[in-house]
Amino acid sequence: MKIKRKYVQTAVYAIFILLLIIAGLGRVVSLPVFLFIVSGKSMLPTLHPGDVVIAIRGPFGKGDIIVWCSTPIYCVAHRVQKLGNGFVITKGDANPLEDPPIPTSMVMYKVIGKIPNYLWLTPLLSLLIYLSYKRIYAIFILKPKVVKKEKVLRLTTTVIALFILFNVSALLLTPLPAGIARYYIPKPNVELKTITPIEYGVLMVYNIRFTRIVNVNKCVTYLLNETYYCTYWKIRNNTLSLRIPEEAYQYAYLKGANRLSIMVNVSLENGWFTGNYTIPLTWRKLEISLNRTLIEVSNSNPIPFNMSVRILYINYSSTGKPKLVMVQNLGSIIIKPYSTWSYAVTEKSAYAYVELEYVFRGEKVFERKKIVFEKV
Amino acid sequence: MCLEVRKFLRERKLFSKKSKRLTLLASLVGLIAGFLSFLATILPAYEVSGVIRGIFALSWYYVVAFNNRIFLNVLDTISFLTVIVNVANFFVIASSILAIVLTLKGKENGLIFELLFSSSLVYIMYSGLLLGIFRVMSREVLSLAGVYSEVTSAGLLFSGRAHIHETLFSKILFPIIPLPLIVGFTYLTLSSILMIRYLKFSS
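Those protein sequence lines, which keep their order, are chains D and B.
For the first sequence, my numbering assigns the number 1 to the initial residue and increments by one for each residue that follows.
For the second sequence, my numbering assigns the number 1 to the initial residue and increments by one for each residue that follows.
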């Protein structure tokens, strides 16, 4: 019976040492099987602190939980989010942010199962408490008051040795990771995706994470020495559209500016951001088109243009020479920004010339279009 | 017969009233040390306010950053290591209670001195671990303080500030020379005196 008990004891010790070797050595060299005690809450609800993770060496894919070790003492069990060429991106199920990319060579194991903490921790602690109680009872109740000299300090040594072993094992199994708390904080982030000039303003699209745009506190346009405040803005999800006052464009046109600067101060759900952006200004000549007898003038600029229009009606004389019949002066017409002016020329002669004249960037622009009326 | 008498006298001297008082005192100090260390692990040491709100103790923490509850690897590991410290605390408290009960019941035993001495040594050893993990926690928590701003393609982004406040418990328990350590050394001194006396009188 005694021999049997000794065998059991030896077997228990052997298993315990083997498990410790697997757990300790497995961090340094890649073993076929690895045991890992979860110490964090980053994988909740899949893995709980105290769970023993059973991992094997082998291929892994997206969605698998892997164990990667940055140093022989620091290992992490997180889920694979992305697989790249030579790198892996993992994330704890409970973490809002992904881990920094790690080289594939750092991945040591793929998790295949777990032993929940209540299945091993509770029975182990109960057993330890029971054995301690039994031992203490035997020592203090049954033993003589004064022990023999050679047995003195035996208890002290045993207790200290046990606690040192316990301490070392625990520290080996749960090493402290490097302190990068700030990295794992889901900080609000705003990045400019696109900036596009639109009618009377500008459209800005942002990439926003962990926050949202609440309001525009300030929007100013700087042009040479002049300052103009935005007249209107609209927030839609990650998009911000701003309206720049017409005077700013007129001033820019007058001064021949090809760009203007916008400063926006935007309040976010958490904090604010201030951005300075430069927007190119493209000035375009008026587009004049003719559709049979309909003349159309389009202004794709943010400023109005003053244009004088004159129609010359011409007929052929009996000798076949052109003869001016009538001159129709439409006078000065204002072509509003981003608008089209059209005029249907009525048939009063064989053909007509429409003459348009306006000033573009300090130079006179003159255009003439010929309309030939169809003979009925 | 003569040997019996000598043994009886030696035991009488070893378990004298003075010795009994010293044992009780040592056990009481051990009990206080164990509880202090236990309290140091469960009472909040730091509070964070601002864009990061949280409360941090060695064995637990709760932190909300920008309205998201977050978990920090280092603090999780510290919580886990605190369990180990608390096992030692449990041992110190249990040893002290056992020593008090046995002494009060008049069931003195030389092994009580050994138990007190070993538990005081364990306490000192684990106080080192406790202070170590407290320092790591402090470093980690203090790193959360400050201004959260950065420059991105959108411009200068300011997300807010976080302020750290040391709690009263932390100020009391962890001054320049931590209180658990002071009590622990007192416990060690008293148990060492008892141990020396025991070694002197043991057969």
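Wrong hints could be hidden among the right ones.
Said to hold, decoys possible - Simulated restraints on C-beta separations:
1) D:Ile115 with B:Phe169: 16 to 26 Å
2) D:Thr122 with B:Val64: 51 to 61 Å
3) D:Lys82 with B:Asn68: 54 to 64 Å
4) D:Glu226 with B:Phe169: 51 to 61 Å
5) B:Leu131 with D:Tyr130: 27 to 37 Å
6) D:Ile129 with B:Leu131: 51 to 61 Å
7) D:Leu131 with B:Lys105: 43 to 53 Å
8) B:Phe169 with D:Tyr222: 51 to 61 Å
9) B:Leu168 with D:Arg259: 29 to 39 Å
10) B:Asn68 with D:Tyr118: 40 to 50 Å
11) B:Lys107 with D:Leu131: 31 to 41 Å
12) D:Gly86 with B:Leu168: 20 to 30 Å
13) D:Leu97 with B:Gly146: 12 to 22 Å
To be verified - Partial list, derived from the structure: chain D residues whose beta carbon lies under 10 Å from chain B:
14) Met108
15) Lys110
16) Ile112
17) Ala170
18) Phe273
19) Thr282
Derived by calculation from the structure, the hints in this document are not laboratory data.
Even glycine gets a Cβ: it sits at the ideal position worked out from N, Cα and C.
Discussion item. Let me make sure I understand: some of the numbered hints might not hold for this structure. Which ones are they, in numerical order?
Written reply: 1, 2, 3, 6, 7, 9, 10, 11, 12, 14, 15, 16 and 19
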